[in-house]
Structure formats: C-alpha cells, structure tokens
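Residues per chain are reported as follows:
There are 2 protein chains.
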Amino acid sequence: MSELTLEGSNLTYVVIAAVIALVALGFAGALVKAVLSTGTGTKNMQEIAGAVQEGASAYLFRQFKTLAIFVVIAVVLLFLLPVHDLDGSETAVKIGRSLFFIVGAGFSAFIGGAGMALATRANLRVAAAAREDGGREKAMQIAFRTGGVVGFLTVGLGLFGAAVVVLVYKGDAPTVLEGFGFGAALLAMFMRVGGGIFTKAADVGADLVGKVEQNIPEDDPRNAATIADNVGDNVGDCAGMAADLFESYAVTLVAALILGKATFGADGLVFPLIVPTIGVLTAIIGVFITRLRPSDRNGLVAINRAFYLSAAISAVLVAIAALLYLPKEWPADWLQRLGSTDLPVGPQWVAIIAVVIGIVLAAAIQALTGYFTETEKRPVQDIGKSSLTGPATVVLAGISVGLESAVYSALVIGAGVFGAYLLGGGSVLLSLFAVALAGTGLLTTVGVIVAMDTFGPISDNAQGIAEMSGDIDERGARTLTELDAVGNTTKAITKGIAIATAVLAATALFGSYTSSLTTSLADAGETNIGAYVSDLLNVANPRNLVGLLLGAAVVFLFSGLAINAVSRSAGAVVFEVRRQFREFPGIMDRTQRPEYGKVVDICTRDAQRELITPGLLAVLAPVAVGFGLGAGALASYLAGAIGAGTLMAVFLANSGGAWDNAKKLVEDGSYGGKGSPSHAATVIGDTVGDPFKDTAGPAINPLIKVMNLVSLLIAPAVVMWSVGDDANTGLRVGIAVVAVLIIAAAVVVSKRRPIAMADGDDQGKAPSDQDDDDLEPVKA
Amino acid sequence: MSELTLEGSNLTYVVIAAVIALVALGFAGALVKAVLSTGTGTKNMQEIAGAVQEGASAYLFRQFKTLAIFVVIAVVLLFLLPVHDLDGSETAVKIGRSLFFIVGAGFSAFIGGAGMALATRANLRVAAAAREDGGREKAMQIAFRTGGVVGFLTVGLGLFGAAVVVLVYKGDAPTVLEGFGFGAALLAMFMRVGGGIFTKAADVGADLVGKVEQNIPEDDPRNAATIADNVGDNVGDCAGMAADLFESYAVTLVAALILGKATFGADGLVFPLIVPTIGVLTAIIGVFITRLRPSDRNGLVAINRAFYLSAAISAVLVAIAALLYLPKEWPADWLQRLGSTDLPVGPQWVAIIAVVIGIVLAAAIQALTGYFTETEKRPVQDIGKSSLTGPATVVLAGISVGLESAVYSALVIGAGVFGAYLLGGGSVLLSLFAVALAGTGLLTTVGVIVAMDTFGPISDNAQGIAEMSGDIDERGARTLTELDAVGNTTKAITKGIAIATAVLAATALFGSYTSSLTTSLADAGETNIGAYVSDLLNVANPRNLVGLLLGAAVVFLFSGLAINAVSRSAGAVVFEVRRQFREFPGIMDRTQRPEYGKVVDICTRDAQRELITPGLLAVLAPVAVGFGLGAGALASYLAGAIGAGTLMAVFLANSGGAWDNAKKLVEDGSYGGKGSPSHAATVIGDTVGDPFKDTAGPAINPLIKVMNLVSLLIAPAVVMWSVGDDANTGLRVGIAVVAVLIIAAAVVVSKRRPIAMADGDDQGKAPSDQDDDDLEPVKA
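Chains as they are written, first to last, in UniProt numbering: chain A, 1 to 780; chain B, 1 to 780.
Hints were generated in silico from the structure; no laboratory data involved. Wrong hints could be hidden among the right ones.
As the list claims (entries may be wrong) - When the alpha-carbon atoms are kept at most 20 Å apart in a straight line, the in silico SDA-like pairs for lysine to any residue are as follows: (1) A:Lys598 / A:Leu616; (2) A:Lys211 / A:Pro677; (3) B:Lys170 / B:Val72; (4) B:Lys598 / B:Val345; (5) A:Lys751 / B:Leu368; (6) B:Lys377 / A:Val747; (7) A:Lys170 / A:Lys65; (8) B:Lys674 / B:Gly525; (9) B:Lys211 / A:Ala262; (10) B:Lys751 / A:Arg579; (11) B:Lys65 / B:Glu47; (12) B:Lys328 / B:Leu343; (13) A:Lys751 / B:Lys94; (14) B:Lys751 / A:Lys170; (15) A:Lys751 / B:Leu411; (16) B:Lys211 / B:Thr481; (17) A:Lys33 / A:Val15; (18) A:Lys751 / B:Glu376; (19) A:Lys377 / B:Lys328; (20) A:Lys65 / A:Arg579; (21) A:Lys211 / A:Lys674; (22) B:Lys751 / A:Arg378; (23) B:Lys751 / A:Val316; (24) A:Lys328 / A:Ala262; (25) A:Lys751 / B:Gly370; (26) B:Lys751 / A:Glu374; (27) B:Lys328 / B:Val345; (28) B:Lys94 / B:Thr66; (29) A:Lys751 / B:Val72; (30) B:Lys751 / A:Thr375; (31) B:Lys377 / A:Val748; (32) A:Lys211 / A:His679; (33) A:Lys598 / A:Phe584.
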C-alpha cells in the first residue's frame, strides 16, 4: 500500500480542528473564572464544602496512585505487542501508541479530576446562589455552566488529541489512536467502578442507618456518613462520569478514524474530525443559550431546548460540510478499497444520513429514557402504585420496567446500526464506516450532554450542603430540590446515550478487528485468507458460540462483582455509623460531632480494593479468550459482551432511575406520602437501585470499550502465534492460563472478605472474629 | 444423495429402542398402581386434596382449550412452509411433520396432565403416610415413585416417538422430527409460562396478605389464596416442569438425530437412539434403588446416591455400546460427509467421550447449583447475614449471588461444549454432532432427574394438605418439612440441567440450520454457496450484530413480561384476599370459610391471558428477524438468545433458590429467627425470587428451543424468498412487518391492564375505576 499523506486543504482542516479544540478549552477556562467569581455563601456552608472537597481530593489522589501501577504495566505490555501494516517505522509507531496511551489516560484522569475539583467548588456556589433573589435562574446557571466546563474539556481534549495524532502520524494514526482510546477507556473504567463503589457504599450505608434505623432525614449532619455521601456524588457522578464520557468521545472518534482511512483514504482521516469540530461549535452555542426562562416549568425544559437546538444546528452544518468536502460520486480508488460497486448512495449522502442517524438516535434515547424514568409517566407511576403491596412488589415492578425498557433502547440502537448498515450496500466495510459516522453524529451532542449530566451531582450536592448547614430558607430549598429532580433525569439520559456510543463504537471497531486479522494472516503467510476469516468468524461454529457465551458471562460477572462490592462496602459503613451512634450518644442531640472522616476513609479504601477484581477481569478476560480459544472466539466474545452489555447497562440504569423517582413520587404525597409503609417500600426499591444505576450499570459502557480495544491490540499477536511459522500453541495457551489464573485469584481474594464488616478500626476482620454485638438486627 | 435405508441390525436396534420405551411406559403404569394403592388419610385431608385436584384439573382443561387454537394455527403454517432435500414425497413428509407436531404437543400435554393428575393424588398419600410409623421412609418413597412415573413417561414417550419417526421416515426422519420437537417445545413453553404465572400469582398473593399483613402462617386455611397456592404447585411445578423436561428430552434427541444422519449416515440415526435406550434402563434402576436408609442424613443423600450410580452405569454401558456398534476407524463415506480428514480420534471415542462429557456436565451442574442454593453453603449464609441490614441488602446480595452463579454455570456448560467441539477436529459438522451426543449423554440422567424434580412439589403440597387439615402430629410434620427442603434443592438442580440441555440442543441445531441454508441456497440456484454462507454468518457484519442484540433483547423482554404478569396477577389475588377478610370477618376466628374457588378462578383466568404475549413473542420474533433482516441475522439472533438466555435463566433460578433457602435459614433460628426484622427481610427476598425462579427463569429453556425450531422451520422459506428466481422482498418484508405488528399489539394490550387489580367480580377494571378504599396501604 502506498504511503498516505495529508496535503493542501486536508492539512488545513485538521489544523482547524485542533485550533477549534483549543478554543473550546479556552471557553472552559473562561467559564471556570465566571463560576469561581460567584458568591460562596455562609461560613457554615464553606466549612461543609471544605470537608467534602478535602475528602474528594484525598480519594482521587489515592485512586490515581493505585491506577498508576496499572498504567505502567499497560505501557510495557503495549510496547511488546506486535503492530502491522505501517507506513512509517515500527518502533516510532509503537512508541507513539504507548505515548498516546498515556496521553489518553492522562486526559481522562485530568477531566475527571478537574471536573470534580470545580464541581466541589460549584456546589457551594449553587447553594449560596439559591439563597439570593432570582436564585432559581442563578443557581441553575452556575450548575449548568460548571457542567459546560466539563463538556468543553471533554470535546476539546478529545478532538485535540485525535487531531494531533492524525497530524503527526498520518497513515499510521489509526494504530497510534488505538493507544489513545485504550488509555482513555481504561482510566475511565477504573474511575467509573471506583467512584461508583465509593458513592453508593456511602449513600446506601448512610440511608440504611439514617433513614431506616434512626429515622433522621437525608443529609442530616448527625449521620456520620453524610459527608462521605456528598464526597461520593463528586467522585462517582462527577469524576467518574466525566472520564466515562471523555472515553466515549475518544473511542468513537478513534473507531471512525480507523475505518475512515480504510474506506475514504486520507479524506477519511479528515471528515471524522470535521464532524466533531462542528459539534464543538454547537456545544458552545448550546451551553451559552441554556438559560432558565421564568416561564419554564422546570430546568429540564431549558436544557431540552438547548439540546434539541444544538442538535438541529449540528445536523445542518454537518450536511453543508459533507456537501462541500466530500465528492458526489465514488472515486475509483475508494471503490477499490470498498470492494463493491453495489452502493446505494454517494459519499456525501452516506455521510449526511449516517451522521443524522446518530443525532436522531441521541434524541430518541433521550425521549425513551425520559419516558421510563420520569415521575409523571406510566412506568414510574406503576412502580409507585405497587408500593401499596409492599417492598417485594416494588422491587419486582422496577425490575420488569428495567428489563422492558432495555429492550426498547436496544431496538432503537439496533435500528440505528441497521440503518447505517444499509447505507453500505454491498460493502461491509462501508457499512461499518457508516456506523462509525453515526457515532460521530451522536458525538456532536456530547458537549451539551456532559453539561447536562454534571448538572445532576452538582445540584444534588448543593442541596446537601444547604441542608447540612441549615443556612437556607424554604424558597431556596425548593429551588435546590427542583434542580436535584431535574438532575436525576438528565443522569439517566446520559447513561442511555453513553451505552449507545458503546454499541456504535464497538460495532465499528469490529471492522478494525477483522481487517487486523486479515493483515496479520497475510503476514503469517496464510494464502486463502478470505475463507480462513469467514470460518474464524462463523457464528454457527461451536467454538464461537462458547466465545459468545463467555462474553455475555463477563458482563454478568462484572455486574455481580460491582453490586457485591457495594454491598460489602456499605456494610462496613453501616457498622461504622452504628458504632458512632452507640459510642457518642451526644450525636443525636447534637452535643457531639460525628467523625465524618472515618467513613470517608472506609469508602476510599474499600473502593480502591474492590475495583481491582472487575478491572482485571475486563482487561484479562479477552486475553484469556483470545489466546486460549482463538481470534474467532474472541470476536464472538466481543459480540456477546456487546449484546448482553447493552441490555444489562440499560436495564440497570433505568430500573435504578425509575425506583429513585417512584420514591420521589411517594415523597410528594402519593400512596400515603412520607413516612407511610409505601414510602418505606419505595426507599427499599431505591436502595436496591443505587448500585444498579450508579455502579454496575454505567461501568458497563467503558467495560465494553476496554474489552474491544484490548482485543484489537492483541489480535496481531493472537494470529501470529496461531498460524504460520511463528505458531506457538504452548505460548498461546500459557498466556491464556496465566490470565485465567490471575482473574480466578482476584475473584477468590475478593470473595474472602465477608459481606458484613466489623466496626471502628477493625475493618479487616470478619464479624465472627470479634464482638458479635455489632451484628444486632436492624430496628424496623 | 442416495436414499437412506435402515437394514439388518440397524432396524433391529431401532425396534429394540421402541420396545424398551414401551417397557418404561409399562413401569410407569405399575408405579401408578403402587402409588394409588397406599392409604389416603383422614376425611379432612381428602376434602382439601379434592379441592386442589379440582382446581388443578379446571386450570389444565382451560389451558388446553387456549392452546388448541395455537396448535391448529401452527399445524396449518407448518404445512405451508417449504421442505428440502427429501428421499420420499414432499407431501408425505409435510403431512408427517404436521402430524408429529401434534404428537409432540400431545405427548408434552399428556405428560404434564398425567403427571399433575397423579401428583394431586400422591400429595394426599404422602401426607397420609407421614402420619404412620416409619412414615419418613414411606412418604419419601411415595413421593419419589410418583416422580418416577413422570420420569418413565418422559423418557418412554420421548424415545418411542423418535424411534417411530426413524422407523417410518428413515432418511426423511430429521425433517419430520423438527415437527415433533417443535410441538413438544411449544406446548412446554406455554405450560411453563402459564403454570408459572398461576403458581406464583397465588403464592405471592397469599404471602403478601397472609404472612405480611395478617401475620398468619403459610398454608393457613383462613387464607383464601391457600388452595390456589397448592393448585399452583401442581400446575406450575408439576405439569409445567414435566412438559418442559419432556421437551428438553425430545429436542435434544431430535438435534442428535438430525446431525447423526448428516455425519454417520444411517448409523447416525441409530446410535443417538441407543444412548437414551440405555438411559431408560438406568432410570429404571435409579428409581427403584432410591430408598431412604435410616442412616441417611436427609432425602437428598438417597437421591444423590441413585443419581450418581445410574450416571456411572450409563457411562459404562454407553462405552460398551459404542465399542460394539461403531467402527474403530473412519469409513470413507463418513469422511466424505465430514469434509475433513483431520480428526483426532475414531468414531468410537468421539461417541464415548462426548457422551461422558454430557454425563459429567450433569453432575457438575448438580454440584454447582447445590453450592449456590444450599442452606449450609457460603452464598446462602451471606444472604442470610445481609438480612441484618434490611431487605434492600438481602435483595442485592441475592442478585449478586445469582449473577455470579450464572457465570460459573455458563463456564461449565461452555467447557462442555468446547470439549465436544475439540472432538470434531477439522470438521465443524462432527463438532456439532459431538455436542449433540453430549446432549444425549446428559439425557441418560433425565429419568432420575425428573423423578427428583417432581418430588419437590409433591412434598410441598403434602405439607400444605397436612397443615391445612390439622390432622398431623409433630413428628409427621417434621418429616414433611424435611422432604420439602430437599425438594427446594432438587428443583434448582433440575433447572440448571434443563438449561444445559437447551444450550447443547440449540448449539447442535445450529448445524442443522447451517445445512438447511446450504441446501436451500442450492435449490435457489446460488453457485458460490460456501462464500455466501460465510458472509451470511459472519459475526462482524453489523447486520448480524443487530440480530444478536435483538436475540438478547427478546430474552430480557420475555423475562420482563413474565415477571410483570406475576406482579399483575398477584395484585389481583391480594385485593381478592383482602376483600374476603374485610367482607367475611368470621374468617379470622374460623367461623366463616373463605371462598377459595374465587382465587383459583382469578389465577386461572390471568394465567391464560398473560401467557399469550410472551408466547407470541417467542414464536413471532424469529419470524420477524428472519424475514426482515435475513437468514444471517437470524443465526446471530439465535446465538444472542442462547448467550443471554443461558445466563439469565441460571441467574433467575439461582437467586430465587438462594433467597428461598436464606429465608429457611432465618426461620431455623439464625439472625433473630422467625418473626424478627431479619425474617421479614428474607421473606421479601423470597417473594422477589418467586417469579424469578418459578416463572421467568424456567420458561427461558423452552423459549430458546422454540425460537431455534421456528428458525429451522422457516429457514428454507427465508432463503427461497431472498435469493434466486423466487426472491420476493415485498413478501418477506411484509411477513416481518405483520409479525412485528402482532407482537407490538400483544405487548400494548397486555400493558393496558393496570398493575394493581380491582376486587371481587370486578376484575377487568382499573382500580381508579372503582372504590379507592381497596387501595389501602399495606399494614407493616
């Protein structure tokens, strides 16, 4: 293959993309200044916010320390894995891939860290603003603009990173980008899992003792877990989510660029950058036009207005860009690459329709998720009604709502993929690129979506700070409650969209996987490559069915481990909070202060410990399947993980969201209202939903990406050691066995920790090792 | 292809198989006589048992009426679908396929009905025996022998049906067997779903009002739902389960025979009959050696002894049969059929190892399920411990146990499939046959397994009858409680084994599907068939990924619908029981008798209504995917359904079983014992688990088989209307659209029924239509 170059206007466009990415970062800086310049409320508020800030930073620092080890190991392994089909030098590309792995991981970490640092400051300012006149509009603006910062960082750094790689590595950019995407996804997955465990351990633990046993309200300062709960909102919902969305952005872009090169050549490395460049511009518009009008029923109206407007602008601008940039008819060399002349429309319309499919998909998921989780709609109403027959029926109703809603989301996503597929006509390669372009279409809305999502935890935390400080009047409290409710829905929507990007990106990456197999087989001297690949990827082959079953199994295991981790850590929190109530009787009449720091410490330590097993599973399971069962089984493995993962992720997110809002429904006075048995039943449903929606569910998105990228990275090695002169069954099976053993050891070790934890400083021991009085039954 | 004949010893073997099948039926008759000749207890007991019998028969009669419509429609459609590659006349084979569809459905219905009829009589006799001296051994024997009847019916009718088809249709037997298997699976699925809804609606409804609100024990005659609950045990756990296991038996046999012909020719139509013939013999041994010794800790010890002994005997006899019957080396015509000479072992050892894999798989699943659901083991202990922090943590702990246990079962099943796959060496066809043979190996244990499983509901019901009649002393009650606990574990084990047969049969049927595609493509005039099929089945094709996603989605939707149906029907039961307590105040002091029949009526009607939507979904979803997205997407659809279905089925069965036993653990005195908040928490967990383990979970097994067989049946039509002269996109898409519309309409209609139901005779209306007093909150 001849070397690929970037010339003339193509070079200019990539430079423009990089510059606009920097502009977005500039806007982020400006917004930071604006947010920080607002009022910081009362001394009480500042003290509480300070404690939250401190806990959050301590957690993040510790998490980065843990992850640094993983990053170092990954860099080394990454450098050892073979690469194929390069224009430039192998060593240079390998170094680039490792380097940009670090950059991807660093960006992911930075966005999470910076977003969280700003959020902990914005919480306070939102709470302060709610006290003032016109507080509703002001508070909403601060919260949304803080989200805007994270949004700009996400799109800015994602686009900048990808543009730089394309500028520097040109034809070898796809290989280097695999490193970039992998770094982003790996870090994001760890931050999602760790943050998710922290936030829900604290939340569940706080609720179980506070609301259920002691009958004190949420965010009551007498609850020792309350600061940890607020820290959790920041480390889980802010830092974890921001990293996750950055990862979605980066990986989708990577998939589009890899396939772009394979289909459109040099132009295919440029057009996928033009689409998100337009997305950056519309994100800027979206964030700045989001203003709550006094006539708006609630904040969601303002946010939806911004979302749909910026989506529409994106669609129009992308269409114009495609018409100007892409050729009307298929050039001969493109047709040759695609291997088919049976193409329904020209390049312009492939691009336009695909991108519009992505944008429409985002809107459809937004509507669908809203239907299944909004308080006024039938599903949540039904769950609320089932509280009349007790907690068991609430749990069952939520589970069936979740299962069904997952199906509708899967149908919508499936329709999107199938629509893009049809654009490819006779060329599977073009179909895959169309799927990837639909992904970039979805990305044009990411700026606003991140802003929407970050909005949630900030409002939640602002409410916490206001509540704990006691320095807020009724009107201010109402404002914050309203914002918090809006935040619940936006959070659910973001999760739906994130999983949609996972499916699109993962589907597209399949194309890269297949072409990597082809190249590697050629290198290994295989002659009848077409037949070989077809046999490898035949879904009816029992070996591949086993792979598929394993892929689905990993999703179940990962979810089970994450939920289990929350149960265990929450148990530890419960015993600690109970201990404090028992040993410091002055807490209840407010003459003694709980030791908040202890609970923060427990959550921090447990989250670090518990994230290792699911993390190892995500990285090593594809290694075990690929080296052990072969490249074909690995492909089916990925397919199984995508299928089961999509449904599981939406199921967990939506049943959790629906339970949360069913609780709010009862709290607003339905079916007996606060304090009734119905309320108790919905609180139980909500608690079950906590790790569903905030730990296991959202982590499945980066999980799928990590497994896809690991597979892509190891594919050449798997083929090399399976076929031809370098075939080495012993080595292959050996690697697989080691991977399996490490996973098994991690699972066994994590199982050895008992579910119910000891109290005080005695965390390591099983309850049976010590005083059994701690195991007193809950007081109903 | 030359016509296939059965000659000489082959003919003899098939006749012997048929005769031995009849012998099994004779044993069934003898056991029936033996069971019915035992004592029938007190008048009180007889009255109660009579009411249960009556309710169960009424339900089954109504169910068969509903299903008759489905059967008629299916027969007509079956006759219209094209067939390919026949030795004999097309019309004869089509008539045979339709006829044996009716036979399969009839056998399935008969086994369910007869098993249930006998069970309702055996319940009474077990309860009566428990009152006598030596009651423990006697009661156990009656219960297990009744199970034995169902076991003999299952293996006898399954083997007899298959042997007759082979005798009559010879080379065309595979096509006719598709009808036989489909009939069995379709009926079984409906009986599983309908029975599952009935039993859990009654159970959950009874518990919610009785245990939770009125604080009266289970099976208390003052509870209006208590007869319905006992009827449910018979229609769900007995009739539904028996039909399901017959279906597993029949479909596995069908898959083995189809592939047997394709690989070993005429011998391949005989050997898969020899293996279950041996199974029949060992089942007879197993049932008759099961005798509780006074030294046995509990009934499970006796059952396990019988299971492992008959499994070992099977393995030895099958090995001898293979060595005698199959050639040592590969005959030339077999090698030609297999398309490869790279085969690791000869036919004898392929057969022996594959069958042993199946037997070992059954034992492994038995052990694994036992670990995750037995009271003494860590997982159930952990769930019990989590009851100290309330119902939410119980639910979470059970869910994570279920998710993880599903993974281990999937690993074991996957290992079995992979082991069988390796036997095939270079021939995928041989690999598939090995998988099917592993399935027949698993089948050799089915006789004992059915006996084990039926044992559960009989003991449960005997306890109910004894409890309600009041005519039992403490020792007798203890005996029945012990038997009931054993029944819980055997039920969970059976579900695990049933899903394993689903995976093996479905994997094997993939081979038939692929070869059906090949034949159909040849008929349609396609020349480059190999490449065409490979492209069709390539898992990396986005179209196929969409199919896979839809397959996984159907499993989620089906589960959600089933759980939802139970919630809705249980709500109706709750309101009816509450109404009776309110309107007949004499019930509580036993001066008035509740109207048991009303609750039975509600459950009967609701079960019929609610089973239609999941039933239509199972039959029509593959039709929509196949005709709409093509044969390739349909294959991936099946793969996705197998992957997600296996995990979902085990997850639902095991978390349900674990919750049930965690409740028993607390009831036995742990963590506060009966009446404590911990007990309340585990009761909630158990209630959540009820529709998991007895409605949604077990129905997934026949669901997978139904979808597989529908796909196999429509494959020729899909190909015919896609490729070549008969290609007709309009017709294809039209059929798909109609299928989608019917599914959508069914889902919408079933949604229109509100969750909480009205009381009394007012069942059809929403609660909002009437007196709101019925919607009183639960009394905590």
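In rising order, the numbers of the hints this structure does not comply with: 1, 3, 4, 7, 8, 9, 10, 11, 13, 14, 17, 19, 20, 23, 28 and 29
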